[in-house]
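Trainee: Here is how the chains run, residue by residue.
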Amino acid sequence: MATNYGGYMGKVMLIDLSTGQTQEYPWSDRERRLFLGGKTMAAKILGDCLSPDVTPLSEENMLVITTGPFTGSGAPSSSRFNISTLSPLTGILTSSNCGGNFGYYLKKAGLDALIIRGKSPSPMWLEIQNETFTLHDAGDLWGTMTGEAQTLLDAKLQETTGNGKPVKNGKIVIGPAGENLVSYASVVSNERLAGRGGVGCVMGWKNLKAVTVSGNHTVNVKCPEKLSKLNKSWFRYLRKHPLTGDQLPRMGTAGLVSIMQMRGQLSTKNYNYGQFDDFDMVSGETLAEEYNIVNKGCLSCPIKCARTVEVDGKAVKGPELETLGLLGSGILNHDLPAILKWNYELDELGMDTISAASTLGYAMEANEKGLWDNGLSFGSIDGISALWEDIAYRRGVGDELANGSRWCSEKYGGKEFANHAKGMELAAYEPRRSVGLGLGYAVSNRGGCHLNGGYMIIVEGLALNVDPQTPHAKPDFTVIFQDLMEVVSSCGQCLFTTYAFFPPPLISNPQSWYTKLFCAAVPHIGGVLRLLNKFPRVVCFHLPVIFNQSKALHLVTGMPVTFGSFLKAGKRGYTLERYINTRFGITAKDDTLPSRLTDVPQDPRDETTKVPLERMKKVYYHARGWDQNGVPTSRTLKKLSIEKR
Amino acid sequence: MVRIKLFGVLRLKTGFKETETNVSSVREACEIVSRATGWNEKDLKRCIFMVNGKQSKLSAALQDGDELVLMAPSGGG
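Chains as they are written, first to last, in our numbering: chain F, 682 to 1326; chain L, 1150 to 1226.
Read the hints as simulated data drawn from the structure, not as lab findings.
Careful: at least some of the hints might be erroneous.
[What the hints assert, rightly or not] Footprint (simulated), chain L over chain F, 3 or more residues, beta carbon under 8 Å:
| no. | region |
| --- | --- |
| 1 | 921–930 |
| 2 | 1131–1139 |
| 3 | 1225–1235 |
As the structure is a prediction and not an experimental result, all values here were calculated from the model.
Built from N, CA and C at the ideal position, the CB exists for glycine as well.
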């Protein structure tokens, strides 16, 4: 369906792998206005198409690959795409976001989104060129690592479509982990990953090894001159900001290890502790000083947060904070070269480093406590590389680890230290020293995700120093952060751009009176935030400089947008995802954390060093307009234009 | 002796990891690091100070055996 809005290609296509048939999926301008793109658009499609009896590994389940209106528009850090599906890890909706260039090329192929359902009778790969779909036999690709698969695909495209010349294309592939249905298998695009929630497992179950996209369409925006002017100042602002222009480009997310250590927020020994004596051996500083070759970034990104390191003489992507934390302090390992190697191996096998590492941490503790004789011990790293392969090929202990920590703890016990929420493993941040993040982990739509949880830790110790133990105002802040991240992601932009929301002086001068005043005031402004959450549209203007996204959306699409309506779109997306999850059985009882984090203080001398979850949940549900069982009320759904089913 | 350590972008920018020296306050420690690295003293005095794992002020006193960490705020994960 063609569109009157800029930033969109006006076409969503569906392919049924069981039959090989394609058809256009109806998507109107009203839906574009309400659900924008990315994860919100995908949630709307999945919510409309999936009945509650659909299971993740079934022909009815769909992979919905979406871009946003910013993708390909020239806005900073806007080359991202999203994959949503019913997760084999959690059994509920998952969304996994990825950088690289696939999103850009999907639009070059003339599509805003691609929906894949059904199951191919044999391994195939899908080529999309300018809206033309071709399914190819993937017999020779099946079994290859993600890097090799991408190289082979480039050669195939050059040979056929390119008539001997290289074809500029975007591609997604799965590795052996996806083929063998590891519950947290990822989808890989260049060196970037849609890592979380097992989207690669669903792709593997559908016998789809890869998708390539290419074409020569262009993205037309509504106000090109004004957007270009805004983009210039936006790029400049991001490059000057202490987080997006200094810390992230210099150290990437790896730079967080040391400050987390200082704040007691570095998960250590499977979340037993928040500090690791040898943290500097696996810190971002050491990585940058001794192993980093060059910084890299996605298309149109000024931040360039990725590291390139050397593994076995090859330049490969370096680890993120999560991998350093969970495979370093998390398992009491201080061997940084080993982590670099594992990170590469996990990417090549195509599985999520967070879930793999956290499940390993659980297994080590289960062994230590005598619950599961699996031969894995904290601090003992011999044979870990072989273990990754065992997981990917589902052999021995690896076959069980491939199901994630929730599954393992249900079989062997130790639920109190299986660190997941709704089945998805938590990231490397220890929430007992960041209780707002603890709430976020628990209520997050896709499970134990720090970003989908609102990432409160950024004000609870990383960038700012708001009291990390107080629950006051945290639920209201969590709602706002979640909504902002939801809508920015739905536009197709990287969430790291949202960190520039904090004015530079606030970040770069922690000793100043205004930073101290801001941090001291936060716990007391819950009421004000609640009003903003209830009536977002009162902010009927754009926030200049610090938050350009709402204005950019207006200039790209031509939609009437203000900061308030932008925030409301995020609220709509977040509540829609929740509403869909409630249809799959999610209620307040599922918004939990392992009891270690809610009942056992991290510091035995300080009772506040645990997550007061139930208390915060009540305020959070109220702020969201959900009932006490965590279900969005009819009034809330109506207010957000979400159709009740 | 007080052990002074630098983390975050401060460490990368100055190339200074740690030292042990006799100082009696955080302010004095900043002055010493500034002299050793050539780094702007004002910038050092604006960063986060942790003394023995607890956040401190520029005016905080230091004692023999203390560990002082200087670092800049971070974000993004």
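Trainee: Each of the hints needs a verdict: does it hold here or not?
Mentor: Now for the hints, and whether the structure bears them out:
Counting residues of the region 921–930 of chain F whose CB lies closer than 8 Å to any CB of chain L gives 6, so the stated coverage by that chain holds, three being the minimum. For the region 1131–1139 of chain F, the proposed coverage by chain L is satisfied: 5 residues have a C-beta within less than 8 Å of a C-beta in that chain, meeting the threshold of three. Using a Cβ-Cβ cut-off of 8 Å, 0 residues of the region 1225–1235 of chain F lie near chain L, which falls short of the minimum of three, so the contact claim is violated.
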